[in-house]
Each structure stands twice: as C-alpha cells, then as structure tokens.
Amino acid sequence: MTAAALGDGRTATQDLVRAGAASTVGFDKVSVAYRGAVVLKPLTLEVAAGEILAMIGPSGSGKTTALRAVAGFVRPVSGRIRVGGTDVTDLPPYERGLAMVVQNYALFPHMRVADNVAFGLRARGAARTLIESRVDDALGVVGMRTFRKRYPRELSGGQQQRVAIARALAVRPRVLLLDEPLSALDAQIRRSMVEEIARLHADLPDLTILYVTHDQSEALTLADRIAILKDGALCAVGRTADLYRRPPNRFAAEFLGRANLLPVVIEDDRSVGGMVAVRAGADRLLVAGDGAPAGTRRLLCVRPQHLTLTAELGYSNRIGGRLRQVHWQGELTHLVAEVGDSLVRIVATRLPALPERGGAVDMFFAPGDASLIPEEAGV
Amino acid sequence: MSDLAAAPAAARPNLNGLWVAPPLIVLALSFLYPLALIARSAVLGETGAPDWSGVLATLDSRPFLNALLNTGEIAVASTAGCLALGLALALILAFVPFPGAPLAARLIDTFIALPTFLITLAFTFLYGSAGILNGALTQGFGLAEPPVHFLYSAWGVILAEVTVYSPFVLRPLLAAFSLIDQSQIEVAGLLGARPWRIVRSVILPAALPAAIAGGSLCLLLTVNEFGIVLFIGAKGVITLPLLIYDKAIQESDYQAACVIAIVNVALSLGLFGLYRVAARRLGG
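Protein chains in written order, with UniProt numbering: chain U, 1 to 379; chain F, 1 to 284.
Keep in mind the hints are simulated off the structure, nothing from the lab. Note that the Cβ used here is the ideal one computed from N, Cα and C, for glycine as well. Don't take each hint at face value.
[As the list claims (entries may be wrong)] To be clear about the criterion: a stretch of chain U counts as covered by chain F if any three or more of its residues have a C-beta under 8 Å from a C-beta of chain F, and this derived list gives those stretches:
(1) 90 to 96
(2) 114 to 125
(3) 135 to 146
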C-alpha cells in the first residue's frame with residue numbers, strides 16, 4: 001500500500017485509536033487437551049494492553065491452540081483466560097469482543113467487500129449510519145475503499161487479507177488475534193504486508209495484538225515481545241531484542257535466528273565489566289557472564305551475522321576453524337566452518353574475495369554480541 | 001522428415017465423433033421411440049386418424065385438472081417439507097457434534113434404498129385406522145372410532161413423500177456443508193454472530209446450490225410419484241401418474257392416458273430445465 005493510498009485512511013485510523021479500548025490478555029495456567037492428549041501444557045502468560053505479542057514455535061508447539069483458546073474455539077481443560085481483566089473462559093466467542101484474521105482470510109465469498117467488513121457490526125446490531133461510517137473507516141485504513149463493491153474472488157491474496165484485517169478492525173475489537181495471517185501469501189507480498197501491519201499498529205497503538213506465526217522474521221519485525229513454544233509448553237518469553245540477543249536456552253537460540261552454539265567452559269569467572277573468560281577448544285574468549293562459577297560448561301551463543309572473517313575494531317574474540325562450505329548469494333555470502341565437533345555458520349555482507357573451501361579460517365566477534373546459555377539438552 | 005510425419009496424419013479420418021452414436025441409439029430405443037409412440041397414441045383416435053377434439057376434451061376434463069392441481073400441490077408441499085426436514089437434519093448432523101452422527105447419517109441414507117411402498121406400509125401400521133397410534137388412542141380413551149385419519153388424505157401422502165425423499169436433500173446439503181471453510185464460521189462467531197445468524201448469513205448462502213439441486217430432485221420425484229399415492233389410497237387424492245394408471249388400466253382409455261402422460265413428461269422436463277438454469281446461475 002502506498003502512502004497516497006493511506007492518505008484517506010489517516011483520519012479513520014485515528015478514529016479507531018480513539019475507540020480502541022486497550023485490553024490485556026491473561027493466560028492463567030491454561031491447559032488444553034484433545035481426547036485426553038495434552039496439546040497445551042499449563043500456560044501462564046500476560047499480554048500487555050497495546051502490545052504485539054508474537055507466539056512462535058514449530059508445528060505442534062501449541063501456539064495456535066493457545067490462540068484458539070483465547071478466541072473460545074477450544075475449551076481449556078484447566079486454567080482461566082482473561083481479556084481486559086474479565087474472565088472469558090466460559091464465554092462463547094460471540095461475547096468475547098475479539099476479532100481474528102486467519103491464514104486463508106475466511107472472507108464470506110457471497111458477500112461484497114463492504115458487506116464482509118460490515119458483517120461483525122451487523123451481527124452486533126449496530127445502526128445503519130454507524131455501519132456505513134465504520135466500514136468506510138476500516139476500508140480506508142487498509143487502502144481498500146475503491147474495492148468495496150468487489151467480491152472476494154475478484155481480489156488478489158494480499159487484497160483479500162487487507163479486507164480481512166478491515167473486517168476485524170471494523171468491530172473495534174478489544175484484542176486482535178492474528179493466526180498465521182501471511183502464510184498464504186508469496187514472499188514479496190508477505191514482506192509488504194508485514195510492513196503494513198507494523199504501520200497499522202503504529203497508527204493503532206492501543207490495539208493489543210496476539211500474533212501466531214511460524215515465521216521468525218515476522219515475529220522479529222512486528223512483535224514487542226515474543227513467546228516461544230515447544231511441544232505444548234512455553235519455552236521462552238521476553239522482549240524481542242532481548243530474546244534475540246540473550247536467548248535463555250538452546251531451543252530459543254536455535255529457533256529464533258538460528259544461532260551458532262559452541263560448547264565452552266568458563267575459565268575465569270572474575271567479571272571484568274560484566275565479561276568472563278571462557279575456553280572453546282584452543283581459543284580463549286571474553287563474553288558476558290551469566291553468574292556461573294569457573295569450570296561450568298556452557299553453550300556460547302553467537303549469531304551468524306555477528307561473525308566476521310577479518311579482525312575489526314572491537315571484534316576482539318577469535319575462533320579458529322576450517323571452512324567447509326561457501327555459498328555466494330549476491331548481497332550475502334553464507335559460510336560454514338568446522339570448529340572442533342561443531343559447525344559454525346557465518347553470514348558475511350562484504351568479502352574482498354571468496355575464501356577457499358577446506359582452508360583454515362579465523363572468525364571474529366565482539367564480546368557484547370555473544371552470550372552464554374545453559375547446556376541442558378532438550379530445551 | 002516433416003513430410004513423412006505429416007502425410008499419414010492428414011490421411012487418417014477422424015472417427016472420434018462416432019463415440020456419440022451408441023448412447024444416442026440406446027436413448028432413441030429406450031426413451032425417444034416409446035415417447036414418440038405415446039405421443040402418436042395421444043393424437044390418433046380409435047379410427048387411426050388425428051383426433052384433436054379428444055386431446056382437448058382430456059385436457060379440459062375435471063379429473064385431469066384436479067389431478068394436475070393435486071400433483072402440483074402435493075409435490076410443492078412435499079418438496080418444502082423435504083427441504084425443511086433435510087436442512088434441519090443436515091445442520092444437526094454437520095454442526096452439532098455428537099458421537100453417533102456419522103451412523104445416523106448413514107441410517108437416514110438407507111431410506112433412499114428402501115422401496116417407497118415399505119415406508120407407506122410402515123405408516124399404515126403406525127398411523128392407519130388399525131395402526132398403533134389409533135389403537136392406543138381408542139383403548140386409552142375408550143373411543144368407538146379411531147380418531148386419527150390424516151394418513152388417508154393428501155397429508156398422509158405428503159408425510160410419506162417427505163419421509164422417503166428428505167435424504168435427497170440431506171445428502172447434497174451434507175456434502176455442501178463439509179466444503180464450508182470452518183474458519184469462516186469461527187471468524188463469524190468471533191465477530192459477534194450468534195449461531196442462527198451464522199446459519200443464515202454464512203452457511204445457507206454457501207449451501208444454496210445444493211439445496212436447490214436437492215429440492216429440484218425432490219420436486220421431480222414427487223411430481224412423478226406413483227407408489228405412495230396408490231398404496232395410501234387417499235380418498236379423492238388423484239395425481240397425474242395415478243390418473244394415467246386409471247385411464248389406461250381401469251378404463252382402457254389409452255388416448256386419454258397418453259395425453260396425460262405427455263403432459264406429465266412435459267412437466268418433468270420443464271422442471272428439470274428450470275433446475276438446470278437455476279443450478280447454472282448459482283454456480284451449482
């Protein structure tokens with residue numbers, strides 16, 4: 001959507017902001033089971049008002065189940081769900097005051113765009129004049145005013161998703177639930193829609209959004225906080241940048257950003273400026289300490305894009321390895337080096353010349369770009 | 001090389017069009033020829049010459065007009081009943097989760113396989129003069145006469161036809177419901193729509209072509225229904241098929257029977273044509 005297209009929507013957006021009642025979402029030990037099989041283990045999580053919380057995780061992690069429990073599509077076997085302080089666990093979906101956008105848009109095919117957007121308002125018994133103004137506002141927000149008479153089949157995937165968002169916004173929900181909303185779109189439109197949703201939330205700062213996705217880049221771009229689920233349990237939760245920079249466990253590190261994890265031993269726990277010395281094979285490195293005493297085994301977590309092949313100012317840590325793979329991809333070059341028994345991935349943005357496969361390679365990183373995480377397996 | 005490849009292909013005659021011949025021959029022998037014979041018998045009098053006055057007399061006769069009216073009324077009422085019952089059952093089976101739903105759907109399906117007289121016979125045992133209901137009422141209340149007589153009226157015919165033909169509406173509706181995107185229903189609910197609004201605004205529009213197809217089939221079948229009307233033997237309830245039977249078998253008036261048969265066929269084909277037009281317009 002272009003800025004020009006947004007022009008007529010700005011006023012409408014501000015209307016939506018004024019009307020939006022910021023609501024929190026609370027999971028209080030919420031557990032869901034299907035035919036006795038637990039698919040969501042007791043989940044306790046708070047979503048702040050006006051926050052975008054992304055729930056990410058692999059298939060079967062329970063993220064969509066958690067969202068469906070908030071929507072009222074599945075009944076928790078235990079625990080309570082609160083929206084804006086109200087316990088909604090026993091309320092039917094139509095009394096929860098929420099709205100949802102799903103992967104396949106779920107537009108009503110026999111209704112024109114305007115009728116789709118008006119659906120929720122009509123269902124809630126809104127007056128005709130209010131419906132007309134709200135539909136106009138919502139379509140303006142997503143830049144689809146000129147498409148109001150079209151049927152969904154006459155729209156592209158991206159346009160249909162905009163209509164689905166407009167339909168959800170028109171009812172001014174307490175919380176907007178987004179269930180993999182961009183998964184059905186191709187990569188280019190998906191990137192554009194991520195930017196649109198980010199812009200939308202910037203315009204609607206009071207709107208609380210619970211965003212379920214398996215795409216970490218969507219989560220990193222949009223979310224204020226990220227909750228990572230695995231096997232039906234909450235594995236990690238935190239502010240997006242914190243979780244990315246300091247993942248609390250192995251799964252969070254690998255799932256969010258595919259971090260390199262090297263086994264190290266804390267060699268000297270005397271902190272100097274928060275840094276401790278660790279040993280990785282023959283290399284001695286300085287990294288942010290986690291309070292563990294000397295001799296403790298840890299995993300050194302460093303992102304592929306934080307490694308360079310040249311010693312630069314501040315990149316005081318060096319790891320030696322042997323280069324196994326080199327993949328030039330235009331703007332980026334992906335390299336894989338063997339360090340001891342581990343493989344380390346490097347994403348380089350600029351290389352004077354492509355290094356030879358099989359040769360020795362030195363990799364450098366800044367102490368502040370690495371963290372230590374517990375070595376326990378399975379988490 | 002190209003000459004060699006092109007020459008035999010150009011010389012080979014295209015015989016694909018001949019595949020249409022066998023079905024056309026079967027259709028002609030089994031339907032068109034007998035229909036032509038009936039049409040011929042409808043027009044020709046006893047002398048073998050065209051007798052248009054006989055045709056007009058039949059079409060203007062009170063029994064024919066009554067039968068035409070009865071046929072229309074019973075067919076429309078039965079079809080409406082089938083649509084109402086079929087829709088209610090389909091909604092329950094598709095959207096109200098209960099453990100025996102698939103079994104119940106299959107049991108209802110078996111009605112399609114049963115001969116129509118069997119349902120009628122069962123109705124006689126249930127609601128007939130000497131049936132269970134009347135027996136219980138006469139004994140229970142000490143009545144001299146059985147109080148329930150609806151079975152021997154047009155209502156009895158309609159009830160039997162609704163029972164027999166509802167699965168013809170139920171089955172396509174269940175198929176259509178299974179194709180509705182569940183997320184549309186869920187999103188509608190979350191937007192504030194209560195169950196009846198979801199049925200009215202989301203489910204029924206999606207299932208309209210299936211309802212029209214099932215309803216049209218019911219209308220066609222009930223227009224031509226013979227066994228149920230004959231078996232119930234309702235007083236004064238004569239439909240077109242029954243009148244054809246009366247004219248041909250009871251009165252040996254073959255010309256009148258053939259005239260009425262032609263009207264019956266025209267009615268059926270007309271309804272079928274309407275169904276096709278409706279189905280095409282609704283994308284069914």
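Verification of the supplied hints:
For a cut-off of 8 Å, the count of residues in the stretch 90 to 96 of chain U with a CB near a CB of chain F stands at 4, and the three-residue condition holds. Given as covered by chain F, the stretch 114 to 125 of chain U passes the check, having 4 residues with a CB less than 8 Å from a CB of that chain where 3 are the minimum. Coverage of the stretch 135 to 146 of chain U by chain F is violated [criterion: at least 3 residues with CB-CB distance below 8 Å; count 0].
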